[in-house]
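Residue strings, one per chain:
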Amino acid sequence: MAEAHPVGFQWVMEAKARGAKVIHVDPRFTRTSALADTYVPLRVGTDIVFLGGIINYVLENELDFRDYVVAYTNAASIVSDEFRDTEDLDGLFSGFDAQTRTYDPGSWQYAGQEKHTPEDMDHPMKRETASALQHESHGMQVRSEAPRDETLQHPRCVYQILKRHYARYTPEMVAEACGVPVEQFLDVCRAWTSSSGRDRTTALVYSVGWTQHSVGVQYIRTGAILQLLLGNIGRPGGGILALRGHASIQGSTDIPTLFNLLPGYLPMPNVKDHTNLDDWVEAIQHPGAKGFWGEADAYGINLLKAYWGDAATPENDFCFDYLPRISGDHGTYRTVLDMIDGKVKGYFLLGQNPAVGSAHGKAQRLGMANLDWLVVRDLFEIESATFWKDSPEIETGEIVPEECGTEVFLLPAASHVEKEGTFTQTQRMLQWREKALNPVGDRRSELWFFYHLGRLVKERLARSTDDKDRPVQDLAWDYPVSGPLEEPSAEAVLKEINGYEVETGRPLSSYTEMRSDGSTAGGCWIYAGVFADGVNQAARRKPGKDQSWVAPEWGWAWPSNRRILYNRASADPEGRPWSERKAYVWWDEEKGEWTGHDVPDFQKNKPPSYRKPEDSEGVDAIEGDDPFIMQGDGKGALYVPQGLVDGPLPTHYEPVESPFRNPLYGQQANPSRKQYDRDDNPMNPSPPEEHSEVFPFVFTTSRLTEHHTAGGMSRFLEHLSELQPEMFIEVSPALAAERGLEHMGWCHVVTARAAIEGRVMVTDRLKPLKVEGRVVHQVWLPYHWGSGGLVTGDSANDLFGITLDPNVLIQETKAGTCDVLPGRRPRGADLPRLVAEYRRRAGLVGDHHAPIVTVGDHVDVQGGGQPTDDSSERGPGQ
Amino acid sequence: MIGHNSLFGPVDPAHDAGYDDPPKRKGFFTDTSICIGCKACEVACKEWNDVPEAGFDMLGSSYDNSHSLNADQWRHVTFIEQPGRTGEQERGPRRPVDLGLPTVGPEEVGPEVGSVETGGPEVLLPDDMEGEKPDFRWLMSSDVCKHCTHAACLDVCPTGSLFRTEFGTVVVQDDICNGCGYCVPACPYGVIDRRRGSGDNKSGDNKVVLNEGIAQKCTLCYDRLRADQKPACAQACPTESIQFGDVEELRRRADERVARLHEAGVMDARLYGNDPNDGVGGAGAFFLLLDEPEVYGLPPDPVVSTKDLPKMFNRATAAAVAMLAGAAVSFLGRRR
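Chains as they are written, first to last, in my numbering: chain H, 14 to 891; chain V, 772 to 1107.
Source of the hints: derived by calculation from the structure; they are not laboratory data.
Any given hint could turn out to be false.
[What the hints assert, rightly or not] Distance condition first, Cα-Cα at most 27 angstroms in a straight line; then the derived BS3-like pairs of lysine-lysine:
1) H/625 to H/128
2) H/558 to V/1082
3) H/128 to H/358
4) V/1078 to H/555
5) H/356 to H/402
6) H/29 to V/1001
7) V/1001 to H/448
[Unchecked claim] What the simulated footprint calls covered on chain H by chain V, stretch by stretch (three residues with Cβ under 8 angstroms from a Cβ of chain V suffice, anywhere in the stretch; the number is not a length):
8) 15-26
9) 618-624
10) 627-634
11) 732-739
These numbers were taken from a predicted model, which means no experiment stands behind them.
All C-beta atoms, glycine included, are put in the ideal place defined by N, C-alpha and C.
Chain V with its partners taken away, still in its complex shape:
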C-alpha cells in the first residue's frame, strides 16, 4: 500500500517519512461539545511559541476577535451564534418550547438622538408574536493545524523547511523556509500562512517582527513533545476539550464520546478528520462537532492537493513520452 501510493490513503506518516522506529503518532482530539470558549489555548500557544499579537480589531463576529488560523494565530476559537433549541443545549431532539418571549422587536424606527422615547412601558406584545422565535445555541470550537497524514504543504515545500517529525506531525523550520509561499495555497484548510511584516499590521508601530515573511503554523509544540510535555494549548485547556495523546488512542476515545452523546440524544454529534480513508488520509488533529463542518468554517470534504500528483506525473510522463516519440517520428520522417 505504502509503496504503491504514499500520497493518499491510510499510512503511518512517520514510518512513511523514513523513521525506523518512531514513537506512536501524536495528535489532538478537540471535543467542541465541551469547549467553553475561554481562549486559554490561543493565549497559551502564543506565550509558549512567541507568536505576536494579531491586531487589536473588534470583528463583531460574536466573541471571536482573532479572525482565523493564520501566521499569528496557531489556535483559533470560533464562536457561532445560531438559532437552535430552547434551553436544552445538548440533550434531546429539538423541541419547540414556548418561552413566552417576543419574536422580533417593534418595527418602529429608533428615536432621534436625545429624544425621550420610552422603550419598555408602551410596547405591548401581540399575543401571536410570542414563542415563535427559535431559541439559541452558542457553539465554540478551537481550530488548529490538522497535521494531515498526507500533508500537501510538506509535499510542495521546495526547501525542505517543512518536515515530518518522528511524532508524525508537520513542522516548519523557520531558519530554512525562504518564504516562497507554495505551501499556502496547497493547504486544503487554509491553515498555513506567511507572517506579514510590521508595515502590514494595523497596529503598525515599527516593531521588529519575528520570522517576517516566513511560513508559520502550529508545530504541535514539537519542542515540548521532545521534552515529554503536552502541547501548551492542551495543557491550558480547563475542560479537556483539547485532548493530546496517541492518535490511535484519541480516535478510540472520540468514537466512544460520539457514541455516548448519541446515546444521550445528541444526534448532531459527529467526528471530523478522524477517518484514515478521507481526503487527507486522516488528520492528526481531529474534532468532535455538533453541526456540519461548514458551520465551523471547515471544508466538508478536504482533499490533499497532491492527491492526484501520481496521476499527474503519469499523465505528464505519458505526454512527454508521446511528445518525444512524436519528435522522434518527425525526425525520422525528415531523414527520409
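One chain only, chain H, in its complex shape:
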C-alpha cells in the first residue's frame, strides 16, 4: 500500500500512531513491510490457504462474532442434500461437467431451492460473458426463503459446511503450503480475532493485484468470509477495501468500460435470453428474491431514456432493441486474440498501454500490428502507438515496419488538470475536479473527443435509411458546449447521469424517484442524488474539521451519499449499537426511524421488528433485521449458492503455473478457469504434468512507487524516470548464489512465452521459503518499462500467458513460473530460439495442452501431457 498508494497510506500511519497494529502479508518485503509491525512473507498464489487457515482458526476456537453471524449471515441456512464439497470430491464441487469444465449450481442451492437456479444462460456461456461480474453489486439472486437452523448444529447448515470445508486448512498446512511458520501464522490469527467483535473492528485492505489470479474472485471471497465471521462488515473501522490501480477505476465499473455491463451494474443483454425489455428486466429482478433489484425496470428504463430521449417510449420498449447484445466472450483478451486472427479490424485505446501493461505483451503487439486502424489517445507517444517501429518483435523480425498495415492515429489527450469532471474512488466517492489550465495545442478531453466524434458520426448517418443506423440517429446527443474548442459541459453530463424529471428537468434526489413509465430519465441509477437539488454534490469541499467524523459533506458517495455500505449491520438485530464504541447507525424508537452518523443503508422507517408479509418480494420482503439489502435472502454470504462460476466456497487451487502439487486436493488448479489453448499461448507445465522443473522459480510482478503502471505517465517525465531509471529483477542472495547472478549485473528471465532482461537487484527483501519440504525461490519484477520514454527496458508482462479467472475474466498476472539465467538475453532471432528451446524441454510442442482436470474419473487426457521422447530423456540438471 505504501508502495502503490502512498497518499492513502498516510491513514495507516495515522492509525499506527494511535496504536493500531499493522500486519503486512506479501511475497516480497516492500515499503509497506518496512513500516508494518509485522511482516509475513508467503508463497505467491497461496492466499486462500493462508486466509482459509484463519477461517479454520476462527471456527475451531469458536471466535466468530456469534450474534452477528447468526442474525446477519447465511451461516444458519441449510444447503441441499445434493451438495458435495471439495473435501468429498478431491477438489471439485458437485455439479461438475468435465466436458465443458463448468458447474451446474443446482446442488449448491439452499435446501428446497435446487430447481430455482436462474436458467437464463447455459453454464459455459456464463463463463464466456463473465456473468459473475454482472453480479458485482447484485448479490445472490436466491429466493428469500431458506430453511434455517439458528443453533448452527444442522450438519448441512452453512456454518457446519464451512467448518468441514476448512478443517484441513490447519496452521501446519499453512506452514507447508505458504511457507509461513506456525507461530507467526498464529500471531496473525490472534491479532485479527482479538481486534474484532463488539468493541473492535479490523479492516482488510488489498490492492487489485490480489484479483489478478485464476482464482482471483475467490481470494476476495475468502477475505469476505473472514470479515463476516468476525462481524467486520457494515461497521466503522471494518470492511474490505480494494485500493484501485488508478484514479476512478471504481468509476469505470460504475459507468463501465466493460463489455458485459451497462451503467449501474445492469447486465448487458445477451442475444439468446433477452429478446425484449420484459425478459431482460425479469432476469435482473429475479422474481422471488428480496431487495432493491425489484425496481430494476425503473433503473433500466431510465437508462434507455437517457440514451434515446424522446425516441424512447413505452410503445417501443423504450428503444430496448437499440442496445447491442452480447453473444459470448468479448473480453479484452479474446479481442486481442481475434486481432491476431484477423477478426477485429479497428481498436480504440484511451489511457491504456497494453503493449506494456497487459498480459502476454507479444500477443498484444502482434494483435495491434494486424489491425486496419488503431486510435490511441494518450499524454505521450506510448508503446501501444509505436509498436510497429520499436517493439521487441522488430528485432526478431516478427513485425516488419514496412509491412505493418495498421494505420495508427495518435491523438494527444488533455491531462487531469486540463479538464473537469469527477473521479470515483474506492469508497464509491465522487469528487469533482476543476480544470486548472486550458489544454495546450491539440490536446483534448475525452468528453470533447467522444462528443464530437458522436456528433460527426450522427451527421454522416443523418440521411441514412438503413434500419441499423436508427440507434445512432435517435441518440439523444445534445450537450451544451462552450469556448473556442466547443468543450461540452461535464456538469451537464453529470446531471444526466444523476437523472431528471423529463417534464420539468428537475434533478432527481434519489434513485427511489426513478419511474418506469418514461417520466424520468437517468444515466446511472446508483449515481442518482449526486446532483440533488440542482447542486453538484460531488464538488463539496467542507473541511473535515468543520463537520462530523464521517464527513458526509466532502464529495458524494453512491448510493445516497452513504459512506459505509450495509451499515444496518452496525446495530444489533434490535437496532441498538453493538457497543457504544462502535455506534454508527441505530434505530430511534421515539422518532420511529433509523438514524446515526451516516445515511442508514435501510428503509428509514422500517423497524427492526418488521417481518415480511406472506408471498412478498423485492423491497417489501426485506425484514427489519436483514442488513444485506441487495442479497436475495438479505444475509451476508458466507456460502454463495449462485452467481459464481467456480464454486460456492473458496478452495485452494495452485496457480496455473506452479512448481508444486496442490497439497490439499487432487485437483491442481482452478478446473473451470478460462483458458485459450493456442500455440501462441503456451502455459508452463505444472504438476502432475511432467517437466515443471524446467521453470523452477516462482515469479510475481508489481509496482514501484516511482512509476505508474505501464509507465505512460512516468517514463516520459524526467523527475520520475531518474528515480527508477532501469528495469531490474529482484532476487534473494541465495538465488543469486545458485544462478551466479551479480548485484547490478544483468540477468534474464525465461518463460514459455518470452525472455526478458534486467539489472540484478540482490536483496534480503526477497527470501526463499521452505514449502512442502523444499526451498522455493521467488523472483520479483516491476512491470513499468517498455521501449519508449526517457528510460527504457524490457516489459515484465511479456512473460505471462493468458489464463483468466472464470468469474470476471481477469488475467493471472501475479503468479507464474520461470527460469533465471545470468547475463543479457539473446538478441535478434536467437531470442525466439531460446524460448523455443525451453518450450521443447518443457514438452510444449505440437498441439500439446496441459490437462486441466487432474482428479478422479474426470481426468482430462485430451492433449495428453505426454512429453516428447527427446525432452523426457533430458532430465533435470542436464
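Please arrange chain V on chain H, whose structure you already have, making use of the hints.
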C-alpha cells in the same frame, strides 16, 4: 553570549544576523520512523524549484538512485537495507524469531547459460541452517540542508550571495554567487554543491543548464515562506514524516515523539541536529533517526568549520603583533 562569540553556541540566527523583529525561526523536523520512501519530497522540490534531473543512473544502492544531496538534489531519500529484527519493525527489543528460513543459499556455482539446472526441487535445507539469518530492516530517511544556526557556508561566502533570511534559514542568491566554491568544503554535511554544466552530465545532451557553476542547495522554499506557504517537500509528504514549522515548536514535538517511541520500546530512536549546544548551534532542519547517524550517512558530530575562527583570528593577531613587534625590535636594533 551573542556579543562574545556568535560563531558558536545557541543563538537566534535571524536576530544575530541583524533582523530587528524577525518572525519565528522556521525549519524541518524529519521523522524518519514514518518515512515510507516515496520520494515525493524529491519530486516536489525539483518541480517547485526548477531543479534539473540528476542523471538516469541506476546505482544499486537499494532504491536510492539519486545518490546524495548535491546541486541537483536538494532533498535526498536514503534507503538502508540492514539486518535487523524479525517481523517486528519497530516495537520491542530485538528478539530472535525462528522463521524456519534458510540462511544462505547453496554454495554451488550457478549453471552455465542455457542449462536446465533445476533450482528449487532438489535443494533441501539442512535443518541446522534454519533460522540463523537475522531478519531485515529497511530504513528510509529524507535528508536536506540543515540550515545551521552557525552556517559555515554563509560565513565563508566572499560575495554575500549566501545570506541569512528573516526566517533564520540560509539561502543562496543565484544572481550574486560567482561560483567560487568556498562554501562547498566549508559545509560539515557536504550539502552545498556547485551545479555542473551539461558537459559534465552523463545524459550529456547539450541542454542549457540553469545556474551552471552556481552554488545550489535547499532554500527551505524561501519564496513559499514569504507567501505563507509550506515548503514544497513538506507539502507533498504523505505521512508527515517531513514536518515544517517554528523550530522551537518542532523541537518540542520531536522530544515528545522520541519519548513516545521509547515508551513503545523503540529504544533506538534518537534525535539528530536538535541540540542548540551541538557543533553547529543546532540545525534548523533536524531528524529523528532509528540508528546511528553514520548508518544514514550523516556525520556523528558535525562542527561548523568556522567554529575556531575567533581563536584563529586571535592567534593570527597575536602572531602578527609578535611579528610586528619583532620587526620593530629588529629595526630598533639596527638603529643602534
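Are at least 3 residues of the stretch 618-624 of chain H within less than 8 angstroms of chain V when you compare beta carbons? violated (count 0)
Given pair status - residue 555 of chain H, residue 1078 of chain V, alpha carbons within 27 angstroms: 52 angstroms, violated
Agreement of residue 625 of chain H and residue 128 of chain H with the hint, judged by alpha carbon distance not exceeding 27 angstroms: Distance of about 23 angstroms is within 27 angstroms: holds.
Does the alpha-carbon distance linking residue 128 of chain H and residue 358 of chain H stay inside the 27 angstroms limit? Given that 27 angstroms is the threshold and the Cα spacing comes to 43 angstroms, the pair is violated.
Would you check chain V against the stretch 15-26 of chain H, counting CB to CB pairs closer than 8 angstroms, and say if three or more residues qualify? holds (count 6)
Test coverage of the stretch 732-739 of chain H by chain V using CB-CB distances below 8 angstroms; three residues minimum. It holds, with 8 qualifying residues against the three required.
Check the hint pairing residue 356 of chain H with residue 402 of chain H against an upper bound of 27 angstroms on the C-alpha distance. 23 angstroms, holds
Holds or violated: residue 1001 of chain V and residue 448 of chain H, Cα atoms, limit 27 angstroms. 24 angstroms, holds
Hinted pair residue 29 of chain H and residue 1001 of chain V, Cα distance within 27 angstroms: It holds: about 25 angstroms lies between the C-alpha atoms, which stays within 27 angstroms.
Is the Cα-Cα distance between residue 558 of chain H and residue 1082 of chain V 27 angstroms or less? This hinted pair is violated, its Cα atoms lying about 55 angstroms apart.
With a cut-off of 8 angstroms between beta carbons, are at least three residues of the stretch 627-634 of chain H near chain V? violated (count 0)
The structure is inconsistent with the numbered hints 2, 3, 4, 9 and 10, although it conforms to all the rest.
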